[in-house]
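K.L.:
Model the full assembly from the supplied sequences, consistent with the hints where possible.
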Amino acid sequence: MELFTFPFKAMGSPCELRLYANDKKTASQIANDAIAEVNRLEIKYSRYRNDSVTTKINNSAGNKNGIKIDTETALLLNYAQVGYEQSAGLFDITSGILRKAWDFRSNKIPEQQEIEALLPLIGWNKLIWNPSILCLPLQGMELDFGGYVKEYAADVAANFCILAGIQGGLVNLGGDICIIGPHPDGSPWKVGIRHPRNPSMPMSFVMLSKGGLASSGDYERFMMVDGIRYAHILNPHTGMPVNTLASTSVCAEQCVVAGTSSTIAMLKGEQQGAAWLEELGLPYLCMNQNEEVFGTLKHVSSSEE
Amino acid sequence: MSKKNNGISPALAALTTAAMALPGISPTVQAAVAANEPKLSLQYTRYDEDSIPSDDADSNTGDRDRYEIDVLQVQFLYPFSDKWQVTGGFVYDDMSGSSPWYVRPTDTVNATGDPLVVMSGATIDDTRYDYSVGAQYFGEKYTISPSIGYSTEKDYTAVSGSLEVEYEFPNKATSISGGIAVSFDEIDPTQEAGVVRVNNEDKENYSLFGTINQVINKYTIIQSTLGVSIYDGFLSDPYKQAWVAGAVLPDSRPDDRTQYTWATRLRRYSELFGAALHIDYRFYYDDWDVRSHTLDLGLHKVTDSGWAFDTSIRYYTQTQADFYEPFYAQVRADGEYSSDYRLSPYGSISFRLGLSETIGDWTVRLGAERYISDKSYSVQSVDVENPALLDFTQFTFGMDYSF
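As they're listed, the protein sequences go chains A and B.
Per our numbering, residue 1 is the first one in the first sequence, and the count goes up by one each step.
Per our numbering, residue 1 is the first one in the second sequence, and the count goes up by one each step.
Hints were generated in silico from the structure; no laboratory data involved.
Keep in mind that a hint or two might mislead.
[Unchecked claim] Partner residues are not named here, just some residues of chain B that face chain A (Cβ under 8 angstroms, in silico):
1. 18
2. 21
3. 139
4. 144
5. 275
6. 276
7. 277
8. 280
Beta carbons are placed, not taken as given, at the ideal position from N, Cα and C, and that holds for glycine.
P.N.:
And the structure:
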């Protein structure tokens, strides 16, 4: 058994597959097919492509007849619905439209009325859908699958490798990890968690031999205005950035569940977010604005290395 | 870990279920779709029953060698689109050997002592041809599978049909299915000098079943089926007789039978073994008072080099039909007699081993099974064992080709 590493770029992030296999040919074949699955999902749900499902859905907004959707999209919508229900409306894939007001490269806080003008277009419960038809009833409404498709793609790629016979390896899509299986000797993978104030440095390491790990943080897209950090994690009810936790990492059996849970925790804020993760029973690690680290996920901080 | 209690949180359970339903995320969830390519399968089976031990046989009996059967099966599958596929099958059986005819007591005067098997005099040679055609339609939520079959041999003809509908819930973790099957059989036994046999008889069978399939999590699937099957017509074995107070009378069973089954199958993938564990249990009951329990434990493993390896052990135990006796010291008021070992109380154990390897477009399969039955394997205590209880060995060799 040999370890083969396949770096690639997808979903706007540096990604990598690490696979244990008997020979390079087998490993590359499986890696290529798994990467093709990630690319397929990126193309299908990209906001930036005219031919993507997301664009077609968003272009149909206001059409009362709705648009036909395929099974995979329907199941992603089903997942979004569950996320919405379980987070009391905080996880809402209709909230992406707020980026029309919030331009994090402008270093300018939008006017209140700009935000308020968008709020009526937000609200998962406004959608009308069934497993084959989706209707965005108001013109201007938008869906954004970006909040969980990357994590879903990590699960899909990992499962693809498992079905292809890989027993040890991991999928890393821009920091969202899904473990294929431990090292051949059974030992876990050592995975770094990004430091929100120094994203090129790991703040700590965790040991994983199965499941997924996903992180959300205020460091991915943000701007500093008058010394205040405004990050891309926006509350769909107020349209305002959430400003309590700097980052949250969560472990779960599926990377997509880990990702949704960490996003919801960020949206809930420090106290309620941590309480919610405790209630879920998922191991987590948070850093707050004072750079205090807390949580239940066993880790080794990089300074103890 | 931070779990406050032993139960999983409802929010996590909801998210996990929704995640598990996503396509491609779980090794166990496979949506029903038509196959990608046409496939042809050939399989040869050699089935060999052990001879009746001389201690258990009447010393004047004919051949103690029981059936040997060669079975050749051809099956094809042709997908027309991702919605439709057709399947077809042909089976050719060639059987020869003797079969248990009746059972008599050692002491025929007093109708006591150990039972002894009397085998059919002449060696039976027969061939069977079985043809079947089926189709599957994979709708968005429903899979519909009709099929028809025709089977013929020298003394037997059967026509059958079935229809099965499966519905998959939008969560993709649950599916239910139901089906109906009918069969119309005609028997025209080979006549033999000196033996009274029926001439032309028929029977009908109607079966219904309902199944629920549930994905519990990434590693576990459970399936449960309830079935009922009704037989009506000539249900006796025209080639068997019963020893009744010194006379040898034709095997004579009630002309209807209702069977009920409940079967549950669990599939669990174990990370520890890197293999899938199969646990199947089946309970059977019929109105002839036969009750049986079957427990099947199996392991399915795919090795690093691509070999698929299956091994299983199956335990079976049944109670006897209410009118069964190994032999009858006295006549029965209802005139029902059968000393068929298949209606006797017994238990059995079988061991199975299978190997398969896919090389390019070819899959090669090898299998072996050893089956032994005995009164001591029964969960209840059995006073008199039917001396014709069956032991057999079976070998299979198969090849599949995907175009």
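K.L.:
For each hint, tell me whether it holds in the structure or not.
P.N.:
We went through each hint and held it up to the structure:
1. 18: holds, 4 angstroms
2. 21: holds, 5 angstroms
3. 139: violated, 11 angstroms
4. 144: Residue 144 of chain B check fails; min Cβ-Cβ to chain A is 18 angstroms, beyond 8 angstroms.
5. 275: violated, 12 angstroms
6. 276: Check failed: Cβ of residue 276 of chain B comes no nearer than 13 angstroms to chain A, outside 8 angstroms.
7. 277: Hint on residue 277 of chain B: violated, closest Cβ of chain A at ~17 angstroms, above 8 angstroms.
8. 280: With a closest approach of 24 angstroms, the residue 280 of chain B hint is violated.
In summary, the structure is inconsistent with hints 3, 4, 5, 6, 7 and 8 from the numbered list given earlier, while agreeing with the others.
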